[in-house]
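Input sequences plus hints: build the corresponding full structure.
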Amino acid sequence: MNIHEFQAKQLFEKFGVAVPKGVAVSSVAEFDTAIAQLNTAGGIMVKSQIHAGGRGKGTFTNGFKGGVKFSPTKEKAIENAQAMLGNTLVTAQTGEAGRKVQTIYFTEAANLGKRPDGRDDEYYLAILLDRATSKPVIVASTEGGMEIEHVAHANPEKIFKVHVDPAVGLQAFQARQIAFSLGFTGELFKQCVTLVTKLYQFYWEKDCAMVEVNPLLVTAEGKLLALDAKVSFDDNALFRHPDVVALRDLNEEDPKEIEASKFGLSYIALDGNIACLVNGAGLAMSTMDIIQHFGGSPANFLDVGGGATKDQVTAAFKIILGDSNVKGIMVNIFGGIMDCNVIATGIVEAVKETGLKLPLVVRLEGNNVEAGKATLAASGLTIVSGDTMADAAQKIVKLVNNK
Amino acid sequence: MSILVHEKTRILVQGITGDFGARHARLSIDYGSQVVAGVTPGKGGQTFEHNGVKVPIFNTVADAAKQTGATVSAIFVPPPFAADAILECVEADLDLAVAITEGIPVRDMIRAKRAMQGKRTRLIGPNCPGLVTPGRGDKSHGGCRIGIAPGYIHKRGKVGVVSRSGTLTYEAVWQLTCKGHGQSTCVGIGGDPVNGTSHLDVIKLFNEDPETEAIIMIGEIGGNAEVEAARWIKANCKKPVAGFIAGATAPAGRRMGHAGAVIGGAEDTAEAKIKIFRECGISVAETPSDMADALLRVWRG
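Residue numbers (the working numbering), protein chains in the order written: chain A, 1 to 403; chain B, 1 to 301.
None of these hints come from the bench; they were simulated from the model.
Treat the hints with caution; some may be incorrect.
[What the hints assert, rightly or not] Straight-line distance between alpha carbons at most 20 Å, and here's what the computed SDA-like set of lysine to any residue pairs gives:
| id | chain 1 | residue 1 | chain 2 | residue 2 |
| --- | --- | --- | --- | --- |
| 1 | B | Lys179 | A | Ala390 |
| 2 | A | Lys135 | B | Gly103 |
| 3 | B | Lys139 | A | Asp339 |
| 4 | B | Lys139 | A | Ile337 |
| 5 | B | Lys179 | A | Thr388 |
| 6 | A | Lys135 | B | Arg122 |
| 7 | B | Lys113 | A | Thr133 |
| 8 | B | Lys204 | A | Ala167 |
| 9 | B | Lys119 | A | Thr133 |
| 10 | A | Lys135 | B | Arg111 |
| 11 | B | Lys113 | A | Asp165 |
| 12 | B | Lys113 | A | Glu205 |
| 13 | B | Lys139 | A | Ala390 |
| 14 | B | Lys113 | A | Ala167 |
| 15 | B | Lys119 | A | Val137 |
| 16 | B | Lys238 | B | Val298 |
| 17 | A | Lys161 | B | Asn224 |
| 18 | B | Lys275 | A | Thr133 |
| 19 | B | Lys113 | A | Val168 |
| 20 | A | Lys206 | B | Pro79 |
| 21 | A | Lys206 | B | Thr121 |
| 22 | B | Lys139 | A | Glu370 |
| 23 | A | Lys135 | B | Asn236 |
| 24 | B | Lys113 | A | Val137 |
| 25 | B | Lys113 | A | Asp130 |
| 26 | A | Lys262 | B | Pro79 |
Set out below in structure tokens:
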């Protein structure tokens, strides 16, 4: 689960991680009182709150450029915020449709410190799971404020990693290692050790999947601040964090994915035009692959799980058909223990209920498959049967591409 | 032979009184597997019955193991309690804990895996279909089925199968069986980022197993476990291997954050993994329909 920057920073503050002072609001009427709470002498940052990166370089569909704006005065801040709130921001990560900005975060603009070479004094800090070692890893870099992938590619020697032993947690010497590797001395060294320690405490206690601070900034006054904050949580651990669940913003999620999750279905929308309905994540992923392999383009990932019911199949069809790009459907079920005839009955009912007009290819295999195929054949519906995954994929691609 | 489990392996089921655990305990009994004990704290002394087979229920794993000689546990405990169930197997010194449970918090698994270091118990999973060593009877009856895989699709034979995904394993197994080729053991290691036994661990076991003549390794995008296994295969494996990687069309960044891409490096994608498979002499299945054929291109059976 992802949260907004302002929510992440509120949590940072609770854990003692320094952030610029800020106020988040969701209506124009609140702009004045929000800004009144800030020290505006150094200017105000106006920040669109959406769950996607690249906000600063994004463009609104109304033509306004920049989802994050420095504003020297209160008047300019309100003007910028008005241009953002309620409008749709398109960034490199949102896709063409963009995201509607429903919250504006005003923060005190930090007075950026400079390095001897004139660059802003920005760093990178993240904590996440390292799968190879099954341990949390703290990743730090002197090259903040840019894409970390870019740094990893161009200057891998400028990325530092410290693995934390989960049996004992983060040790003081490890926090010092990070601070040393970033080149801090004196007062900043102490601030960095504290910040890394608190940030790790937050990551561990709240079951975060990832915490990323980019940039971590040194101000002209010599203060270390988390200027941006990106936090995601382990969905499996949400049951023990009701305070985190309360931060969920459904506006940021695909309505089809929300609907799918209500039925215990796992659905992810893609750009293609051949929908698929599959049981099992691995099989669902490889069904997308095989559609592409034979020249088609998958419209979604949809895993109905191991014990799909008729209701789930019907719900899955409705969700698939909610995507107007879909021009054909491929069902791929390996009914190991699940009865293929139950699935076939579900498909027939779903087709009738939704009045499906699009080409449908069904590949059933496994338990009671003959009865399942008979049910499909006897339905009087134009359902094409595929014998193998390859056969089914080739058939649906042909049906869709010849239209 | 086979790896990890065989026809006589004595199995206990943690969570045998829950719907999920009970259902699959019954299917394992029907398959002819030796389900000898159940564990549900607070229900010790009761009996689980199916088709005339009486399975005693114990309060603790240690009691169950001691009194029935069970050496392997199938864990069907709900996610909040599953890591605890795994560690109870470790404390009881079992050979193998097979965690079927899906949705265990990552932090719980990080801690459990750390606590298992240096202990003799091996973990398979979590979030896995379990493992099957097919039997010699009709429809492979009489084998050892631990977990949720359909027993009947298997056939006793010479191919070892290892995969993260359940249904994709069944797909490979069924292709083999339909072409007349049986399996020595099929292991689903699970799809979670923190798991017990890796692809490489299983490949090493298959390499040493005299019954296993050839191997199918099925992987996915994310992490570097398949790459690690492929490189070991190139240097050490004596047996022909076919491989498949799912997720060539999966959108980037849906599961992993940006910093994750740094840790995983460029070997995370399906394309990169397939390339490395080829470099390591693994016969690559172009599509999931091609898994058995990919093996038969390098192994005559």
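_Which constraints among the numbered hints does this structure fail? Numbers only, ascending._
8, 13, 15, 18, 21, 23
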